[in-house]
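Chemist: One-letter residues, chain by chain:
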Amino acid sequence: MTGAAEATAPHGPGTGDAPPVLALAGVSKSFGAVRALRDVSLELHAGEAHALAGENGAGKSTLVKTLSGVHRPDSGQVLMDGRPVEFHKPADAQRHGVAVIYQEPTMFPDLSVAENIFIGRQPRASLGRIDRGAMRARAAELFARLGVALDPEQPARGLSIADQQLVEIAKALSRDARVLIMDEPTAALSVNEVARLFTVVKALREQGCAVLFISHRLDEIFELCQRVTTLRDGAWIAGEAVAGLTHEALIRRMVGRDLDTLYPKLDAATGEVALKVHRLTREGVFTDVSFEVRRGEIVALAGLVGAGRSEVARAVFGVDRWDAGWVEVNGRRLPPASPTAAMSAGVALVPEDRRQQGLVMDQSIERNIGLTGLKRLRRGPVISRAAERDRARDWAIRLQLKFNRLSDAVNVLSGGNQQKVVLAKWLSTRPQVLIIDEPTRGIDVGTKAEVHRVLSELASDGMAVLMISSELPEVLGMADRVLVMQEGRLVAEIPRAEATEESVMTAAAGRTS
Amino acid sequence: MAADVTAANSARAPLSRFLRWDILVGVLLVLVFAGGAIGSPEFANAGNLSFALGDLGEIALIALAMTLLVVAAEVDLSVASVLGLSSALVGHLWDAGWAIETIIPLVVVVGAVCGLVNGLLVTRLGLPSLAVTIGTLALYRGLAQVVLGDRAIAEFPQSYVNLAVNNVPGTPIPYPVALFAVLAVITAVTLHATGFGRALFAIGAQVEAAHFAGIRVKRIKLILFVVSGIVAAFAGVVYTLRYGSARADNGSGLELAVIAAVLLGGVDFDGGKGTLGGVIAGVLLIGLLRNLLMLNDVSTEIQSVVTGLLLVISVITPRLVAVARQRRRAPSPVMPTTPTP
Amino acid sequence: MTAVTAGRSTRGIVDLVFRARELSIVLALAVLVAVTAAANGNFLSAQGLKDIFLNAAILALLAVGQSFVVITRNIDLSVGSVVGLVAFTVGDVLAANQGLGVGVAIVLGIVIGCVCGLVNGLLVSFGKVPALVVTLGTLYVIQGLDHAIAHGRQINAVDLPRSVLSLGNGSVLGIPYLPLITVVVMLAVGYYLRSYASGRDFYAIGSSPEAAGLAGVPVRRRVMAAYLLSGALAGLGGVLWLARFGTVVADDAHGWELQVVSAVVVGGVAITGGVGTVYGAALGALLLTTITSALVVLKVNPFWQQAITGALLLLAISVDRVLALRVARILRRRNARHGS
Ligand SMILES: Nc1ncnc2c1ncn2[C@@H]1O[C@H](COP(=O)(O)OP(=O)(O)OP(=O)(O)O)[C@@H](O)[C@H]1O
Ligand SMILES: [Mg+2]
Chain H
1 MTGAAEATAP HGPGTGDAPP VLALAGVSKS FGAVRALRDV SLELHAGEAH
51 ALAGENGAGK STLVKTLSGV HRPDSGQVLM DGRPVEFHKP ADAQRHGVAV
101 IYQEPTMFPD LSVAENIFIG RQPRASLGRI DRGAMRARAA ELFARLGVAL
151 DPEQPARGLS IADQQLVEIA KALSRDARVL IMDEPTAALS VNEVARLFTV
201 VKALREQGCA VLFISHRLDE IFELCQRVTT LRDGAWIAGE AVAGLTHEAL
251 IRRMVGRDLD TLYPKLDAAT GEVALKVHRL TREGVFTDVS FEVRRGEIVA
301 LAGLVGAGRS EVARAVFGVD RWDAGWVEVN GRRLPPASPT AAMSAGVALV
351 PEDRRQQGLV MDQSIERNIG LTGLKRLRRG PVISRAAERD RARDWAIRLQ
401 LKFNRLSDAV NVLSGGNQQK VVLAKWLSTR PQVLIIDEPT RGIDVGTKAE
451 VHRVLSELAS DGMAVLMISS ELPEVLGMAD RVLVMQEGRL VAEIPRAEAT
501 EESVMTAAAG RTS
Chain Z
1 MAADVTAANS ARAPLSRFLR WDILVGVLLV LVFAGGAIGS PEFANAGNLS
51 FALGDLGEIA LIALAMTLLV VAAEVDLSVA SVLGLSSALV GHLWDAGWAI
101 ETIIPLVVVV GAVCGLVNGL LVTRLGLPSL AVTIGTLALY RGLAQVVLGD
151 RAIAEFPQSY VNLAVNNVPG TPIPYPVALF AVLAVITAVT LHATGFGRAL
201 FAIGAQVEAA HFAGIRVKRI KLILFVVSGI VAAFAGVVYT LRYGSARADN
251 GSGLELAVIA AVLLGGVDFD GGKGTLGGVI AGVLLIGLLR NLLMLNDVST
301 EIQSVVTGLL LVISVITPRL VAVARQRRRA PSPVMPTTPT P
Chain A
1 MTAVTAGRST RGIVDLVFRA RELSIVLALA VLVAVTAAAN GNFLSAQGLK
51 DIFLNAAILA LLAVGQSFVV ITRNIDLSVG SVVGLVAFTV GDVLAANQGL
101 GVGVAIVLGI VIGCVCGLVN GLLVSFGKVP ALVVTLGTLY VIQGLDHAIA
151 HGRQINAVDL PRSVLSLGNG SVLGIPYLPL ITVVVMLAVG YYLRSYASGR
201 DFYAIGSSPE AAGLAGVPVR RRVMAAYLLS GALAGLGGVL WLARFGTVVA
251 DDAHGWELQV VSAVVVGGVA ITGGVGTVYG AALGALLLTT ITSALVVLKV
301 NPFWQQAITG ALLLLAISVD RVLALRVARI LRRRNARHGS
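The listed protein sequences correspond, in order, to chains H, Z and A. First residue of the first sequence: 1, per this note's numbering; consecutive thereafter. First residue of the second sequence: 1, per this note's numbering; consecutive thereafter. First residue of the third sequence: 1, per this note's numbering; consecutive thereafter.
Just so you know, the hints here were simulated from the structure itself, not pulled from any lab data. Misleading hints may appear alongside valid ones.
Below, simulated DSBU-like cross-link-like pairs (lysine-lysine); rule was C-alpha separation at most 30 Å, straight line [as the list claims (entries may be wrong)]:
no., chain 1, residue 1, chain 2, residue 2
1, Z, Lys-273, Z, Lys-218
2, H, Lys-265, H, Lys-276
3, A, Lys-128, H, Lys-89
4, H, Lys-375, H, Lys-276
5, Z, Lys-218, H, Lys-276
6, Z, Lys-273, A, Lys-128
7, H, Lys-89, Z, Lys-273
8, A, Lys-299, A, Lys-50
9, H, Lys-202, H, Lys-89
10, H, Lys-265, Z, Lys-218
11, H, Lys-276, Z, Lys-273
All chains, please: the whole structure from these sequences, using the hints.
Modeler: And the structure:
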């Protein structure tokens, strides 16, 4: 709906002269020696979706947290309807009608999904009591709008990252906010969920809601947003209309240079079978899953959110128990439920949830990377710190990790950089079979290409890669074969030549819905 | 999302470099020592110090094992009861005419079994260790009463009593303290320099990530509980010989003193943080302070007030310093540094 | 859609499990009472029952306060020493001023308890100091204070006003005051925690403090409130202690913190926060007390009693856990999304 004429206008459609609903004026924010934001300005207008682009660690999430009262700017101002406001805590921003979806889901695992959505704002009956019926109904209604089959009464514990993300979205929508801020809401979602989400957000936008949207999937920016602000190393680079902008131009703003091809999967000679999964079943989770991955091959496991892909990966690696079937690595059976055994057989798993499963958040980058190689770092009975540091540094450089010191805790890294640490942690074990769950979740375009290059290289060196990805271009670009899962079963195997967006999506959606 | 966590961490990060908790406790230790030496003439002589140290022996020994557990985000409240059970067994078996040489290994095995029971309940059933060991606290103490009733057994062989109370020849260090020193070094190396230690910290800080990294979480926890049982049982032997008396209620309430020492040493009860040096300083601080108060005829009631205040002060001071620092901190002009190969 | 309807049936099971946490304690209680009563009829006599309820009342009251704190992922180890302090100081005041009545005693006790709770709460919520350290510290301090005030003295029942003593052994409609008070407090607190938005905040905080902060829950205020309530109930418990026993020394209720925590844990309140009810905690207290009474009634050798208590406690939490694991397994097999 954004015409060419509006592309040059200062704001999006229908804003007239009204001051921006929410704005940042000359905001700076430092963490110790790291200047996360330097003199950044940004305006969010009613009825307009505004994208925030930038590489990992550019300062996007910091900007979001400044808008939402988690951080306070060192200098500069937050303006609401043109007037300066001070948000001391998230509750202040919420009172002013700002709803935020943070990059990492923040669940209450012990509470029901409905309560997660409405905590502190539960619908009330007489005498101020909670009206549970109304709460359930409103949660169900939100899920219906998003087209999600989640039970409002189900406890949040055990929800997949994608489901958590959906609950977060429902939570933000339930606030009927004037400003909706979404920090990588789609990172864990597959095409269908994203489409639903966009329908809902577009409707909100039309009703006059101001939207701030962050994503490393540039297509999404072009589909949803009218304007885009780009940050690089904490500094404001550009603020412009999306119409008239090309992918390449946007990437140049973010990275500061042109990028090569995105999906450089090299052709590798496939060797013997490295991973063989035979009729693997975990009751109620996945059923009768069989496949093989050969050396030098990248096999993608595609499917909708909740199809059971991550669960298969976890079982193969031995984190979860399986009820029937078996797993073979290089011709040897793996004992069930033993990650240690899987690791010594040469299997590595890059898990979906980096904050719970991938990283020890309080510990340093080097310790996290070293954790998978404690045996190899030993000199006599003790760990060699020098070896630990070398190992971490090698991979940090190889994956272009943006960090201050290797001894910094990983929880001060940006989301994408945390993901790189998880990759480093597992790639440094030099696995023969690499199972990788959403390898580039939250990783920026430049590094994504780099990760793909690394994966492709490792495959040509003879590694077998099983890749779970919700990002179709990644699946199509990287995979030699695509396995499609649906409701816990393998429903299709599509060779590279026949894999198209359409063939994969049709198989993934199957007969249902 | 870690907004609060990271914010808190960035506040703690500079602090931890300049004013680490364990260093603070170390400084306090020096201050107490200096104050004591100046304030009361009997304090700083070798005889008194070796007495003060010896008096700490059991708490110090158990604190080592407890530190490992707490770093792995578990706790063992049953240690004092294991100590009591061990003491009761020593008394009963000695009374029944067994040789000390057989009693001691046997008792240590019983301690290992006690720890094993704790560990199995925690790792197999996934029960919280606080709950399990409150239960076994009652159970093991109860067993001690079953074994010994209200009897008190005394008159152990002098050679063994000597081992528990005498100094290593030529030094002012009692044997148990010398043993503690050796074990402390071993524990410190294990915790801070080996893969096992790394695994403990990872388990304590983020157990799921540790599991995903191929660390055998359950086995390691089981080992820790068994070690804790063994150490507590051995401490029971030392206790019995040192006081020359075996009773079922020996050492009751000691678990809180051990935990106080570990906490004072700056070990985080949520797991994943702490140093053994801090714990040693914590143990010594409590011991010296008690000794000093005793020399000055301060009543035991006030002694426990002092212990309590010390605990609270030791945790609140770094917080206050952090807050003060944060208030003063201006935005830093330093540019972000990018890694150079 | 099928997923949603299947979701509904799982909800039924989930609900049952949650209730089963309390249910399994009730069951354990029933078994215990039945066995004991079969061996000794006196156990179920009016007097026998009254004794159990009297004994359980104070522990259950403290367990209610403690579970409030534990639900927020904190702990209050100072409750035992607060009971001791309040029992002694209030007794001291009453003995010195014969004119004072039971009302003053209760108010005074609650005020002292609140002050202790305030200190704990301030240190934990605003000082952001680990709860275990703070309350272990205040345990020692309060205990020392108590000793310093008592100085080896003893409060005797004869020095206390009659009205206070009758609170301890009187009754209304045949129901003794003590358990009555506990039940009223438990119901009020339990209803609040379940049915009010601010009550749910406590669960949210215990479930994830960071998420609570981001969701705009006033974390510090709620944690503060939990400690205040725990302190107040410990204060009330101290007055009830005084009323029930009459004779009080400084050592009273020492070591009770572990009993209280056991009751809470047996009652299904997760020590890691976010899960559990005050009803469960109170039932846990009742179970522990009943075990003790049963052992006495069954004339178990006193040397064996503690060991058996410990073993039963372990049995209770283990069985509960095994059941929960079983149900979780069944639930997974019937999982809605991929149901076959
Ligand atoms: N609490 C903190 N303490 C110290 N440094 C921090 C903290 N939070 C963020 N940073 C640093 O600030 C910079 C910007 O981080 P931010 O999370 O805003 O990046 P981002 O643009 O959201 O990246 P991504 O795309 O990876 O999510 C990074 O260098 C990060 O390491
Ligand atoms: Mg980010």
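Chemist: Can you confirm whether the C-alpha distance between Lys-128/A and Lys-89/H stays at or below 30 Å?
Modeler: Answer holds: Lys-128/A to Lys-89/H is near 17 Å, not above 30 Å.
Chemist: Please work out if Lys-218/Z and Lys-276/H have their alpha carbons no farther apart than 30 Å.
Modeler: 28 Å, holds
Chemist: Taken at face value, is the distance from the CA of Lys-218/Z to the CA of Lys-265/H at most 30 Å?
Modeler: 41 Å, violated
Chemist: With the threshold set at 30 Å, check whether the alpha-carbon distance from Lys-89/H to Lys-273/Z stays at or below it.
Modeler: Measuring from Cα to Cα gives roughly 28 Å; hence the hint holds.
Chemist: Given the hinted pair Lys-299/A and Lys-50/A, is their Cα-Cα distance within 30 Å?
Modeler: This hinted pair holds, its Cα atoms lying about 19 Å apart.
Chemist: Verify the proposed pairing of Lys-273/Z with Lys-218/Z, using a straight-line Cα cut of 30 Å.
Modeler: Roughly 19 Å separates the two Cα atoms, so the pair holds.
Chemist: If you draw a straight line from the CA of Lys-273/Z to the CA of Lys-128/A, is it 30 Å or shorter?
Modeler: 16 Å, holds
Chemist: Please work out if Lys-202/H and Lys-89/H have their alpha carbons no farther apart than 30 Å.
Modeler: Given that 30 Å is the threshold and the Cα spacing comes to 29 Å, the pair holds.
Chemist: Hey, Lys-375/H versus Lys-276/H, does the alpha-carbon distance stay inside 30 Å?
Modeler: 27 Å, holds
Chemist: Please work out if Lys-265/H and Lys-276/H have their alpha carbons no farther apart than 30 Å.
Modeler: 23 Å, holds
Chemist: Need the status of pair Lys-276/H, Lys-273/Z: alpha-carbon distance at most 30 Å?
Modeler: 41 Å, violated
Checked against the numbered hints above, the structure violates hints 10 and 11; every other hint is satisfied.
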